[in-house]
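There are 2 protein chains.
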Amino acid sequence: MKKLINRPADVVRESLEGMAAAHPDQVKLNSDPIFVYRADAPVKGKVAVISGGGSGHEPTHVGFVGAGMLDAACPGDVFVSPTTEQIIEAIRVVQGGAGVLNVVKCYWDDMDVFAEAAELAHAEGSPVANILIDDDVAVSESVYSHGRRGTGTTVLAEKICGAGAELGYDLSRLADLCRRVNVNGRSMGIAFTPSTVPAKGTPSFEIGENEMEVGIGIHGEPGRERMSLKMADEITEMVALEIINDPAYERTVQEWDTDKGEWVDVDLVDQPLQSGDQVLAFVNGMGGTPVPELYIVYRKLVEICQKKGLRVVRSLIGSYITAIEMQGASITLLRVDEEMVRLWDAPVNTPRLRWGA
Amino acid sequence: MKKLINRPADVVRESLEGMAAAHPDQVKLNSDPIFVYRADAPVKGKVAVISGGGSGHEPTHVGFVGAGMLDAACPGDVFVSPTTEQIIEAIRVVQGGAGVLNVVKCYWDDMDVFAEAAELAHAEGSPVANILIDDDVAVSESVYSHGRRGTGTTVLAEKICGAGAELGYDLSRLADLCRRVNVNGRSMGIAFTPSTVPAKGTPSFEIGENEMEVGIGIHGEPGRERMSLKMADEITEMVALEIINDPAYERTVQEWDTDKGEWVDVDLVDQPLQSGDQVLAFVNGMGGTPVPELYIVYRKLVEICQKKGLRVVRSLIGSYITAIEMQGASITLLRVDEEMVRLWDAPVNTPRLRWGA
Numbered sequence: 001m002k003k004l005i006n007r008p009a010d011v012v013r014e015s016l017e018g019m020a021a022a023h024p025d026q027v028k029l030n031s032d033p034i035f036v037y038r039a040d041a042p043v044k045g046k047v048a049v050i051s052g053g054g055s056g057h058e059p060t061h062v063g064f065v066g067a068g069m070l071d072a073a074c075p076g077d078v079f080v081s082p083t084t085e086q087i088i089e090a091i092r093v094v095q096g097g098a099g100v101l102n103v104v105k106c107y108w109d110d111m112d113v114f115a116e117a118a119e120l121a122h123a124e125g126s127p128v129a130n131i132l133i134d135d136d137v138a139v140s141e142s143v144y145s146h147g148r149r150g151t152g153t154t155v156l157a158e159k160i161c162g163a164g165a166e167l168g169y170d171l172s173r174l175a176d177l178c179r180r181v182n183v184n185g186r187s188m189g190i191a192f193t194p195s196t197v198p199a200k201g202t203p204s205f206e207i208g209e210n211e212m213e214v215g216i217g218i219h220g221e222p223g224r225e226r227m228s229l230k231m232a233d234e235i236t237e238m239v240a241l242e243i244i245n246d247p248a249y250e251r252t253v254q255e256w257d258t259d260k261g262e263w264v265d266v267d268l269v270d271q272p273l274q275s276g277d278q279v280l281a282f283v284n285g286m287g288g289t290p291v292p293e294l295y296i297v298y299r300k301l302v303e304i305c306q307k308k309g310l311r312v313v314r315s316l317i318g319s320y321i322t323a324i325e326m327q328g329a330s331i332t333l334l335r336v337d338e339e340m341v342r343l344w345d346a347p348v349n350t351p352r353l354r355w356g357a
Numbered sequence: 001m002k003k004l005i006n007r008p009a010d011v012v013r014e015s016l017e018g019m020a021a022a023h024p025d026q027v028k029l030n031s032d033p034i035f036v037y038r039a040d041a042p043v044k045g046k047v048a049v050i051s052g053g054g055s056g057h058e059p060t061h062v063g064f065v066g067a068g069m070l071d072a073a074c075p076g077d078v079f080v081s082p083t084t085e086q087i088i089e090a091i092r093v094v095q096g097g098a099g100v101l102n103v104v105k106c107y108w109d110d111m112d113v114f115a116e117a118a119e120l121a122h123a124e125g126s127p128v129a130n131i132l133i134d135d136d137v138a139v140s141e142s143v144y145s146h147g148r149r150g151t152g153t154t155v156l157a158e159k160i161c162g163a164g165a166e167l168g169y170d171l172s173r174l175a176d177l178c179r180r181v182n183v184n185g186r187s188m189g190i191a192f193t194p195s196t197v198p199a200k201g202t203p204s205f206e207i208g209e210n211e212m213e214v215g216i217g218i219h220g221e222p223g224r225e226r227m228s229l230k231m232a233d234e235i236t237e238m239v240a241l242e243i244i245n246d247p248a249y250e251r252t253v254q255e256w257d258t259d260k261g262e263w264v265d266v267d268l269v270d271q272p273l274q275s276g277d278q279v280l281a282f283v284n285g286m287g288g289t290p291v292p293e294l295y296i297v298y299r300k301l302v303e304i305c306q307k308k309g310l311r312v313v314r315s316l317i318g319s320y321i322t323a324i325e326m327q328g329a330s331i332t333l334l335r336v337d338e339e340m341v342r343l344w345d346a347p348v349n350t351p352r353l354r355w356g357a
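Chains Y and S, in that order, are what the protein sequence lines are. Just so you know, we're using our numbering here: the first sequence kicks off at 1 and counts up by one. Just so you know, we're using our numbering here: the second sequence kicks off at 1 and counts up by one.
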């Protein structure tokens with residue numbers, strides 16, 4: 001295992017200590033329980049936006065803490081969910097009296113700990129909305145989830161909702177916005193190589209020199225199929241068309257109703273992309289893929305979108321939701337309206353995403 | 001070879017087409033000869049800051065084109081210098097009547113083509129200063145250079161001088177500033193894995209499962225020695241102490257004297273870092289190393305700097321000058337004064353480095 005680390009058990013803590021030392025104006029680190037929070041938290045009167053999940057997907061979520069995005073991020077160990085204790089303590093530290101929006105990726109364990117934390121926060125008097133991100137069109141059941149997994153749309157939801165919170169959106173409006181981002185976002189990824197969890201020390205799967213995994217998950221869990229390597233344009237077309245041609249996706253999710261103080265069923269449906277839609281195109285690297293390769297994917301993606309009548313009005317290209325050092329990429333297309341674009345463009349000041357500030 | 005590319009011969013052009021499509025407000029692409037330039041070039045009355053070199057080191061230099069940094073970047077093929085024609089044509093397109101600062105990394109071929117371009121530009125009436133970056137303390141002779149190689153300090157010089165140009169510094173002041181950044185910057189790197197040049201298709205060197213290369217060059221060329229893997233803290237300490245304990249480095253370089261219209265010898269000396277100095281600490285990934293590992297390095301680096309009486313006043317952490325998908329990292333310490341810090345903090349608006357804009 002070739003990694004720039006010390007003891008595997010110390011990877012998460014030491015990297016976060018380094019991040020906090022490098023960006024003292026943006027973030028602080030709480031040591032026990034461990035979480036990263038905005039340097040100026042709590043921001044009085046603002047809804048706090050919080051996320052979390054296993055480490056190994058950086059900069060998701062810890063690198064997105066700061067003004068205009070997340071108030072706190074709760075990291076588990078590599079590919080392991082955080083604990084309820086981390087989340088409730090982060091809520092206590094960053095909530096500014098206007099409630100808390102938790103952005104939760106669709107994986108069993110993440111959903112469980114955020115659900116427990118929402119109930120605890122409610123009991124302590126903090127209104128909470130847990131909004132699920134389930135945008136990965138590749139599979140409907142996986143090793144870690146029932147339903148679609150939460151991937152690239154998470155990054156976009158955190159940016160857009162973080163900007164809304166900064167502008168004074170109340171919790172109900174922000175929850176609606178986050179739900180709207182989720183049902184308008186679709187993702188799918190491929191991988192050329194596995195990644196190695198430090199504590200395990202060996203690659204998460206085996207793959208041939210001329211093979212790739214299509215529909216890969218961000219933990220290296222299997223996707224749809226193993227196939228021979230193809231050229232970037234072919235891969236891009238294959239993945240983009242799966243996203244664009246994906247039919248309406250209907251499901252019922254549970255959301256915490258903070259007024260009633262109970263869980264309620266919410267019916268969601270993703271309407272397919274159609275000609276005339278404006279989209280934000282996000283080409284994400286899985287950690288070990290150089291940025292120029294992502295631009296090659298983006299080049300083809302724009303061409304495909306144009307052919308399908310989709311207008312790419314904004315883009316994000318880089319390694320933002322990763323699987324440690326995995327080589328591969330994912331594409332996310334988010335159908336955007338004017339409000340989402342305005343919030344996307346708003347200033348953001350975090351360790352790994354920054355503009356206008 | 002597992003890469004998200006089409007034909008190897010098209011990698012550079014296609015990735016730049018994708019980059020230009022993604023960032024139309026920041027950059028434009030000139031196709032023949034190929035170079036990237038500021039979308040609003042030429043900026044009248046401003047010194048144009050230009051760089052270039054082989055591709056494969058992205059975001060260096062193409063990702064740093066835009067307001068507050070480079071006016072143009074001329075990319076060669078992967079690990080191959082650009083041509084004189086690319087540079088002189090970029091100068092013609094972006095020069096705004098106040099002269100041109102070329103930031104040139106110390107490699108034979110880069111120096112040759114920038115020297116020819118300076119003479120041509122001079123003949124066409126454009127005052128030009130070529131300032132060399134030779135900051136790599138690892139070796140004094142290498143496969144591609146006589147004298148120290150140009151590495152991490154290049155990124156810092158481009159940011160700082162780009163900000164100076166934006167503020168209206170004239171060519172002479174900007175050349176002095178760039179020279180000052182160079183003689184105050186020192187770098188050294190290590191690698192765990194080789195990289196693969198697309199046109200070649202096989203790794204640039206072989207290395208054992210438990211080995212690393214210390215003092216690696218950004219083309220994968222050998223450094224000082226091959227040794228057994230060590231923990232991140234040990235590696236960081238070894239590299240940081242080589243940089244901090246590096247003695248005065250004296251050499252004579254040739255610079256173009258635009259008043260005389262001839263090459264003149266300039267004696268340079270890097271004074272060792274000493275207790276009380278303020279530094280910008282730059283932890284750079286070689287392309288395939290996840291950012292959390294770079295933060296682990298940064299964490300230890302700050303501790304070592306403190307012990308040595310160096311005050312880390314600014315930092316940059318990420319993969320900014322790379323060797324395609326190589327796993328590894330480099331450290332750059334730049335002794336800064338108040339002017340450099342002010343220019344570092346100034347707004348920058350490029351595809352891969354952006355803040356305050």
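It should be emphasised that the hints constitute simulated quantities derived from the structure, not laboratory data. A portion of the hints provided could be inaccurate.
Since copy identity is lost for identical chains, a pair holds within one copy or between any two.
[Said to hold, decoys possible] Distance condition first, Cα-Cα at most 35 Å in a straight line; then the derived DSBU-like pairs of lysine-lysine:
1. K44 to K308
2. K200 to K260
3. K28 to K200
4. K2 to K307
5. K200 to K2
6. K307 to K44
7. K200 to K230
8. K230 to K2
9. K307 to K28
10. K28 to K230
11. K230 to K44
12. K28 to K308
13. K308 to K2
14. K230 to K307
15. K28 to K44
16. K308 to K230
17. K200 to K44
Hints the structure fails to honour: Hints 1, 2, 6, 11, 17 not satisfied by this model.
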